[in-house]
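Novice: For the record, the sequence lines run as chains X and D. Counting in full-length UniProt numbering, the first sequence runs from 1 upward without gaps. Counting in full-length UniProt numbering, the second sequence runs from 1 upward without gaps.
Where hints are given, some of them may not hold.
Copies of the same chain look alike in the list, so a pair counts if it fits in one copy or across any two.
Stated by the list, open to error - Derived DSS-like pairs (lysine-lysine); straight-line CA-CA distance at most 30 Å: (1) Lys225 - Lys36; (2) Lys225 - Lys48; (3) Lys226 - Lys124; (4) Lys226 - Lys16; (5) Lys226 - Lys48; (6) Lys36 - Lys124; (7) Lys225 - Lys178; (8) Lys258 - Lys178; (9) Lys124 - Lys299; (10) Lys225 - Lys16; (11) Lys36 - Lys299; (12) Lys226 - Lys36; (13) Lys225 - Lys299; (14) Lys36 - Lys178.
Derived from the structure by calculation, the hints contain no laboratory data. Computed from a prediction, not measured in an experiment: that's the story for all the values here.
Number of protein chains: 2
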Amino acid sequence: MTETTGYSGSGLVLVKNPHLDLLEEDVLYHLDLGTKTHNLPAMFGDIKFVCVGGSPNRMRAFAQFMHRELGLAGDAEDVADICAGSDRYAMYRAGPVLSISHGMGIPSISIMLHELIKLLHHAKCRDVTIIRIGTSGGLGIEAGSVVITDTAVDSSFQPRFEQVVLGDVVVRSTELDKELAEELLACSREIPDFPTLIGHTMCTYDFYEGQGRLDGALCSFSSEKKLAYLRRAYDAGVRNIEMESTAFAALCGMCGLKAAVVCVALLDRLQGDQIRAPHEVLWEFQRRPQRLIAAFIRKRLGLRPAGRALCPTD
Amino acid sequence: MTETTGYSGSGLVLVKNPHLDLLEEDVLYHLDLGTKTHNLPAMFGDIKFVCVGGSPNRMRAFAQFMHRELGLAGDAEDVADICAGSDRYAMYRAGPVLSISHGMGIPSISIMLHELIKLLHHAKCRDVTIIRIGTSGGLGIEAGSVVITDTAVDSSFQPRFEQVVLGDVVVRSTELDKELAEELLACSREIPDFPTLIGHTMCTYDFYEGQGRLDGALCSFSSEKKLAYLRRAYDAGVRNIEMESTAFAALCGMCGLKAAVVCVALLDRLQGDQIRAPHEVLWEFQRRPQRLIAAFIRKRLGLRPAGRALCPTD
């Protein structure tokens, strides 16, 4: 069974669940929000951009950066965690931008996305663009390069996401928005100090054995077998490897959200497995997708390019 | 290909990776620890119990509780996050007990376990018992019941974990330590104010469609189909559902760690999907596995039962 992607003409988010209307109250448990306890349209109705990433600290830094980039009133340092009542995810807003952490891996991002999509639905948000800004392992590219995903693929390099529903496997498309990817690539030309490219992103269920690392607690394969696998991935068009993109593409696609994945490569996996760059180098790498997305959002909002100020600080 | 569980006679953790000895330095990236930057034997060599759970706040509260339970010197409130340099996981210690968060889902716990197992190996820890203390959805049991897992099963109710290695699927056993489960059940008889039982635990890759919930952003099945699936799970011996146990059992088993899974049921999934109990009720539920594990650790260490004091506070 293959399910296809659907877009809505109204710009509204498409929840595809007939049971939802029967709920007297919808408790978004892992976000610590709910339809009876919170006025979701008032809190979120004007959101136009949702940016998600694994680390709560990074998503807080991104919200603070966007606060400054958009010239919002008040102190950027004061952004408050909207989900402070839960320590599963952290959520911040800066004007029309929502910044949310999703933890690591497909199950973790999937819980957050189900509840986020319901939140956007309850809040009656329109024309929302959602972007995952993350970290990844590069494949045949320089550490610090930023990869805009054209297609998210699984560990067999196929553009599909397998979802278990009541014990049966359902296959879903992992298509992302091609125009959005091109728009982001165009924005990257304004930021000459790091390389940005478009490529396939491979999504795995773990960081060690699933990504062919030789440095986990378990490893049953040789360095040669590892490199042969990674080279096959490269030949199939994969330029980076992470752990969320297929589920993100599938869920957002089915709910009519225009979605993109923009990840920095922390290392080149053809050169090694361990992430050994100093903290300050890694932190600067992690800012790169943020700087690209800030340029994109400023452009979409009709603000002038920020030039030198376009660098988030801690 | 099926891989089997192995136990070590020496009591040492078994890393099964010949490449590890060739590393000049092992950076445990997501824990922000390393063999060159930290003296791991001095920091962790005397650890005998490792307790893991999804939420960082809960694992901090558990470390503080154990600090008091073991009558350790100093203020329990002062327990420090050993992984403070990373916001991926939180780690605390109280005497011989290490308390670590693992986030949500198999990929997230798998990264933590690979790095934890290497940490225990580098630190030359012996005779370590590892217990996951978590939350879950119950199946045909009262909310607040504590389930000690005898067998972790997948969404087809089979005791197996499928790990992708270089694009191929490897099937692993999800056996847990039966004696440990019985020892924990015996401890539970000292805590009469909540029900504790032994049963199968089903582990899924998501919280909504994979667990048959009717309240996600997507739902393609009827309430009848959902209940039929959950009843089949119940008939197969499943008493609760969570998102980490198969990977936890497989990884710990392969590395010779005696492992148990002890989760409280936040609701009975045969009665509903939404977690709607008040925060204070849920918080008290989440303390129950902690209280059971504290009784177990006190017994193992030859301390007298704590009696009335056996209740963690925030």
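Novice: Are the hints correct? Go through all of them and say.
Specialist: Tested hints:
{"no.": "1", "hint": "Lys225 - Lys36", "in the structure": "between (55 Å within a copy, 29 Å between copies)"}
{"no.": "2", "hint": "Lys225 - Lys48", "in the structure": "neither (45 Å within a copy, 37 Å between copies)"}
{"no.": "3", "hint": "Lys226 - Lys124", "in the structure": "between (47 Å within a copy, 28 Å between copies)"}
{"no.": "4", "hint": "Lys226 - Lys16", "in the structure": "between (40 Å within a copy, 16 Å between copies)"}
{"no.": "5", "hint": "Lys226 - Lys48", "in the structure": "neither (42 Å within a copy, 35 Å between copies)"}
{"no.": "6", "hint": "Lys36 - Lys124", "in the structure": "within (15 Å within a copy, 52 Å between copies)"}
{"no.": "7", "hint": "Lys225 - Lys178", "in the structure": "neither (34 Å within a copy, 37 Å between copies)"}
{"no.": "8", "hint": "Lys258 - Lys178", "in the structure": "within (9 Å within a copy, 49 Å between copies)"}
{"no.": "9", "hint": "Lys124 - Lys299", "in the structure": "within (24 Å within a copy, 55 Å between copies)"}
{"no.": "10", "hint": "Lys225 - Lys16", "in the structure": "between (43 Å within a copy, 17 Å between copies)"}
{"no.": "11", "hint": "Lys36 - Lys299", "in the structure": "neither (36 Å within a copy, 45 Å between copies)"}
{"no.": "12", "hint": "Lys226 - Lys36", "in the structure": "between (52 Å within a copy, 26 Å between copies)"}
{"no.": "13", "hint": "Lys225 - Lys299", "in the structure": "neither (45 Å within a copy, 48 Å between copies)"}
{"no.": "14", "hint": "Lys36 - Lys178", "in the structure": "neither (38 Å within a copy, 45 Å between copies)"}
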